[in-house]
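Trainee: Sequence:
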Amino acid sequence: MDAVVRTPSRLAAPLVHRLFRDPARPPVFSEPVPGLVTWRGARATATPDDVHRTAADLVHLAAERHAAPTAELAPVVDVLARTLLAIAEVDVTDADAVRLGPQDYARRLRGAVQGADRELSPDAAWFHDALLVSVCLHVLHHLVRRSAYLQRQLPGRASRIAQLVDQGDAEAAARHAERPQEDVAFEAEYAQWVARRHGWLTIVGVDFPNAPDRWPLEETYLSLEAEERSGGVGGAEDEQRTVLLADRALVDHERVLLRGGAGSGKTTLVQWLAVAAAREGSRIPFVLPVRRFAREGFPAPDDFLHAVRHPLADRAPEGWVVRTLLAGRALLLVDGIDEAPEKTRGELRDRLRRLLRVFSGNGCLVTSRPSAVSDGWLSGGGLAEEDFVELSLAPMSRDQVTRFIRDWHSAARLDEQSRSPGPRERERERSTLDEYEQRLLHSVRIYRELRQLATNPLMCGLICALNRDRAGSLPSGRKELYDAALEMLLQRRDPERDVLYADDVRLQQSTRERLLQKLAHAMLEEDASELTRERAVGILDAALPAMPAARAQGDGAKIFRHLLHRTGLLRERSGESVDFVHRTFQDYLAAKEIVARGRFPTLVDHAHQSEWEEVIRMAAAHARPEECAQFLERLLAPAPGLRRPQINHRRLMAAACLDHVTELDPAVQRLVHDRTKNLVRPTTELAARGLGWVGPIVLELLPDPGQVPDDRQALLLAYTATRVQDDAAIDYLARLRTRAALPVRTELARGWRHFDTERYAQEIIAHLDPDGLYFPVADTAELAALRELGGRPRIQVAGVMRAEELLAGLLPDQLTHLWLNAELPDTDVSWLSGFPRLRVLRVNPRLPRVRNVPDGVEITA
Numbered sequence: 001m002d003a004v005v006r007t008p009s010r011l012a013a014p015l016v017h018r019l020f021r022d023p024a025r026p027p028v029f030s031e032p033v034p035g036l037v038t039w040r041g042a043r044a045t046a047t048p049d050d051v052h053r054t055a056a057d058l059v060h061l062a063a064e065r066h067a068a069p070t071a072e073l074a075p076v077v078d079v080l081a082r083t084l085l086a087i088a089e090v091d092v093t094d095a096d097a098v099r100l101g102p103q104d105y106a107r108r109l110r111g112a113v114q115g116a117d118r119e120l121s122p123d124a125a126w127f128h129d130a131l132l133v134s135v136c137l138h139v140l141h142h143l144v145r146r147s148a149y150l151q152r153q154l155p156g157r158a159s160r161i162a163q164l165v166d167q168g169d170a171e172a173a174a175r176h177a178e179r180p181q182e183d184v185a186f187e188a189e190y191a192q193w194v195a196r197r198h199g200w201l202t203i204v205g206v207d208f209p210n211a212p213d214r215w216p217l218e219e220t221y222l223s224l225e226a227e228e229r230s231g232g233v234g235g236a237e238d239e240q241r242t243v244l245l246a247d248r249a250l251v252d253h254e255r256v257l258l259r260g261g262a263g264s265g266k267t268t269l270v271q272w273l274a275v276a277a278a279r280e281g282s283r284i285p286f287v288l289p290v291r292r293f294a295r296e297g298f299p300a301p302d303d304f305l306h307a308v309r310h311p312l313a314d315r316a317p318e319g320w321v322v323r324t325l326l327a328g329r330a331l332l333l334v335d336g337i338d339e340a341p342e343k344t345r346g347e348l349r350d351r352l353r354r355l356l357r358v359f360s361g362n363g364c365l366v367t368s369r370p371s372a373v374s375d376g377w378l379s380g381g382g383l384a385e386e387d388f389v390e391l392s393l394a395p396m397s398r399d400q401v402t403r404f405i406r407d408w409h410s411a412a413r414l415d416e417q418s419r420s421p422g423p424r425e426r427e428r429e430r431s432t433l434d435e436y437e438q439r440l441l442h443s444v445r446i447y448r449e450l451r452q453l454a455t456n457p458l459m460c461g462l463i464c465a466l467n468r469d470r471a472g473s474l475p476s477g478r479k480e481l482y483d484a485a486l487e488m489l490l491q492r493r494d495p496e497r498d499v500l501y502a503d504d505v506r507l508q509q510s511t512r513e514r515l516l517q518k519l520a521h522a523m524l525e526e527d528a529s530e531l532t533r534e535r536a537v538g539i540l541d542a543a544l545p546a547m548p549a550a551r552a553q554g555d556g557a558k559i560f561r562h563l564l565h566r567t568g569l570l571r572e573r574s575g576e577s578v579d580f581v582h583r584t585f586q587d588y589l590a591a592k593e594i595v596a597r598g599r600f601p602t603l604v605d606h607a608h609q610s611e612w613e614e615v616i617r618m619a620a621a622h623a624r625p626e627e628c629a630q631f632l633e634r635l636l637a638p639a640p641g642l643r644r645p646q647i648n649h650r651r652l653m654a655a656a657c658l659d660h661v662t663e664l665d666p667a668v669q670r671l672v673h674d675r676t677k678n679l680v681r682p683t684t685e686l687a688a689r690g691l692g693w694v695g696p697i698v699l700e701l702l703p704d705p706g707q708v709p710d711d712r713q714a715l716l717l718a719y720t721a722t723r724v725q726d727d728a729a730i731d732y733l734a735r736l737r738t739r740a741a742l743p744v745r746t747e748l749a750r751g752w753r754h755f756d757t758e759r760y761a762q763e764i765i766a767h768l769d770p771d772g773l774y775f776p777v778a779d780t781a782e783l784a785a786l787r788e789l790g791g792r793p794r795i796q797v798a799g800v801m802r803a804e805e806l807l808a809g810l811l812p813d814q815l816t817h818l819w820l821n822a823e824l825p826d827t828d829v830s831w832l833s834g835f836p837r838l839r840v841l842r843v844n845p846r847l848p849r850v851r852n853v854p855d856g857v858e859i860t861a
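Residue numbers (this note's numbering): 1 to 861.
Please note that a few of the clues may not be correct.
Dumping the calculated BS3-like pairs for lysine-lysine here, alpha-carbon to alpha-carbon at most 27 Å [said to hold, decoys possible]: (1) 518 / 558; (2) 343 / 479; (3) 479 / 518.
Hint data in this document are derived by calculation from the structure and do not stem from the laboratory.
Keep in mind it's a predicted model, so treat the numbers as computed, not measured.
Let the hints inform the model, and build the full structure from the sequences given.
Mentor: Given below as structure tokens:
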């Protein structure tokens, strides 16, 4: 099915004109839209039946041009007619409607007829919603054309609406024009290449003795959750956290900015979307890693393939990419905007926005680290339909961590079964892996430090690999985990893979590590995510004279080849450049090199920049006690050249480092407390939420919640403490659990997913007054814990779960209100008939529409 429904204006405009009266005289003011329709009031010239006929014409007009569910066109007509009749019920002026834009105006109309489409299949409901947006565009175009007042008062909006209509006409024509045969042939070859190139991924740690480096994406892909937020400070209705399946983001939205931390799965999601599009043929995927063109700027369409050094670039038919974009058939996957230098990101954004404005109707996903771009960074360029929906990859839930661990060990077992020489050896290895798997599942459940680390696929993979490598004995801290991972990769990887003599270079782990540190440090100082091969060799040539043992074994080029092929940490890009397999290792090694060189002033100079946060934390962990003390004192010192927010960030960075320091002068610890305690008195929701990154130390700096009489201030304290994500915060939050204010209780309930399930349930959830409160459950563990507490009348589904899991976890004699705030794998909710007391079903409007709602259950948004 096409991603959007476009109806040519020459055909749609006359149909839309039927809905509105011609003005008796040119309008001189903004007018209420309900007063303009033809079927209302004493001057009515049409009836609801006429509106139904217009809806039928619009549906059949669109169905001729798109893959519509033809067997369900009659129900779609009925729903569209009811939605169009809502134009007379939604109280907005023509100016307000134009300001809203087509998508938001369509959303307002749908909201006025909640549940009208409950009998439609998912495809039919989608077709109705997409068609409604197209119809609303033509409605707004009609309102603008009939009113010179709107054209004068809202010239930018009026011009943009006209531009969208014109572009839609051009794209509708291009979409259905016959494609050249050479395009068809090349697209088939291109799709096969995409499926081969991106259909494999590396599972960290399953690459040791005789194991393959890659695994099929379909067998190992873990569907992660993405969060969309809306609202602000207030009651339970505010700041909704919508949970979507990340790999469905571009099904529900045309343009998405996806944030995620290092190792969270952003690039793997890009691979999955590219392969899915290539195999389905619905879109032509263009995977555009920003690191490939970060310094040259966002490429023009004809340069897409050359800019990323695509092997088929020279074989593409001339103008093929432009024709694909004009037809609205492209899927742009712009991966890693944070890998462009900060000073060039704005220009990259502007070029991308201009491209999408010219070639609208194409899908686009942009990925970034959370701190690299601000909220609304890709939005604000015009009407709402130009804006990007902003999603964040959620930390892996307990259920997802469990599934990852099981899948990882299943993959390892399959590989061992294929390589072990005999049945006895295979059985012994299978039994050993079974034991490691069960031991790790137990450890992740009971050890807080391990649980805090296992929040994304990268860290879960490392933990699985180290657990196997160390026979079930794992380090607990982040630095210790990275140290162990480097030992595994740099010292033991080759011997255990029986490739010790793959070349004639013999380097100790410490030497390999120092050489890699120098490459990582150069990338950090040059604000680069990759180095040219020539630059990398030059760095090694400069370092070798000070390392006689390495210099005796070869020049920079030879040592570079050894590090590239034998460490598992470097990755070559098209023979021209090199980068680290993951930014996490780059930051860790760069921090270690800075400490080795004593370059602490460099860290201080960059401590106000969020991109350096991980480097600074790890540098504090590597530093000797005296070095660390001096470093933290410098972070706290006056900085005349910085603005107040930057100075505050530097000081909070000093507090964040305390959680990673092994030994530190008590006087310096007190100094950090004294200089930062006044910075943790937030006055806004944004500031309160933004303090969680500092770590557990912030709990010592916050005021005693028992001494805060004001509910507003108590809410801000709850915002901060629930984001510390350390079980020490439970003791702090327990002193807020008796607050009667619904916003405070709501925030305490939402915080559950960040902490140990059972302890938080007993110490916080069990004590919250249930009056008016929706209790969120993000996974089956929380569902089971709430059931143990006797259930609750109001439940919010805040994580992706299957119907059978919800049926098993919810208590039929308790549930009266259910709030779906996370996407269901199946939109059929007929299973809710098993809850006789259920009266209200709230469905987040950003989620796919549900169907087969039981009779007697009210649907609300």
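Trainee: Could you run down the list of hints and mark each one as holding or not?
Mentor: Hint-by-hint comparison with the structure:
Simply put, residue 518 and residue 558 have alpha-carbon atoms about 16 Å apart, close enough for the 27 Å limit, and the pair holds. This hinted pair does not check out: residue 343 and residue 479 have alpha carbons roughly 31 Å apart, beyond 27 Å. Simply put, residue 479 and residue 518 have alpha-carbon atoms about 19 Å apart, close enough for the 27 Å limit, and the pair holds.
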